[in-house]
Amino acid sequence: AQSVTQLGSHVSVSEGALVLLRCNYSSSVPPYLFWYVQYPNQGLQLLLKYTSAATLVKGINGFEAEFKKSETSFHLTKPSAHMSDAAEYFCAVSQPGGFQKLVFGTGTRLLVSP
Amino acid sequence: NAGVTQTPKFQVLKTGQSMTLQCAQDMNHEYMSWYRQDPGMGLRLIHYSVGAGITDQGEVPNGYNVSRSTTEDFPLRLLSAAPSQTSVYFCASSYKGFPLSYEQYFGPGTRLTVT
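Heads up: the protein sequence lines correspond to chains D and B, in order.
Residues 1 to 114 (our numbering) make up the first sequence, in order.
Residues 1 to 115 (our numbering) make up the second sequence, in order.
Next up, chain B with everything else stripped away, as it sits in the complex:
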């Protein structure tokens, strides 16, 4: 198993550009989520999905879109990048149901800089 994979590892964008951060998992996990990590702020939930076709907003969803057309993939779209979106982005996945849902598997992260 590759686990949770994320591409790209690094990205530099100009303000106003759009892009998609890719996330894939090969563990057949129902739950997937996106977090952003900022210095001194820990990780904050952006969007999450409890299954294909079902997504919901987390704590900081503004400026981001998601969709989940397959179990394996959960891309995060930045529609019009802003410097405030400079961050490290982590994708995570977990099984549905007690107790396995309590262990989330994290990808290696994408470091995004918006200039």
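Okay, chain D solo, but in the shape it has when bound:
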């Protein structure tokens, strides 16, 4: 079975500071990994995905994530936080092929202070 662990239900940063949101996964087969963002009262939007190509993945809004197989991690980073980055972020895992049954982590709420 696959699972995702997101460390920290809330992360607070100052505007301009580094953003680091942690995600560790468990999977019996090589996984595909995703980060989604949810703004208040909205649906989820795909930030970036790892599908077994480059291990460093760049996404929208300046975010990137690095797949580290040895650490079973897929942490999300952004060099400089902006107020508009305040949202909830979900890491998800799926297996290659066919319909993507996403297994989500419990989410991390990012708070950005001026």
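Treat the hints as calculated values from the structure; they're not laboratory data.
Please note that a few of the clues may not be correct.
Claimed, not checked - No more than 25 angstroms apart at the CA atoms, straight line, and that leaves these computed lysine-lysine pairs for DSS-like:
#1 Lys58/D to Lys96/B
#2 Lys96/B to Lys101/D
#3 Lys58/D to Lys69/D
Small disclaimer: the values here were computed from a predicted structure and weren't measured.
Knowing the structure of chain D, use the given hints to seat chain B on it.
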């Protein structure tokens, strides 16, 4: 394109009532799915469909029915609502086949309260 649309946005039901949450997409996506979002639990897959006439169960299917008579629509039915079904429900869709199937498009959600 309107993308993925869901109706209603909000709904309050009494225990035992039934209702249908509507989901439609105008992107000609083959894959569609329903998730529920609960505090501290992330999103969990309820049911999904890989094409018209084909549905299957996800992680938490009990108490819910689905059908897919057209490519565009994927309604979720609550047969006899229970307080445990209080949640936010999201519909999602994606293209079939690599690599487009890996980007799921989510609707804005339906917030359901069962009293």
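Hints, one by one, checked against the model:
1. Lys58/D to Lys96/B: Holds - the C-alpha atoms of Lys96/B and Lys58/D are around 23 angstroms apart, at most 25 angstroms.
2. Lys96/B to Lys101/D: Between Lys96/B and Lys101/D the Cα gap is close to 13 angstroms, so the pair holds against 25 angstroms.
3. Lys58/D to Lys69/D: Roughly 17 angstroms between the alpha carbons, so the hint for Lys58/D and Lys69/D holds.
Consistency note: the structure conflicts with none of the earlier hints.
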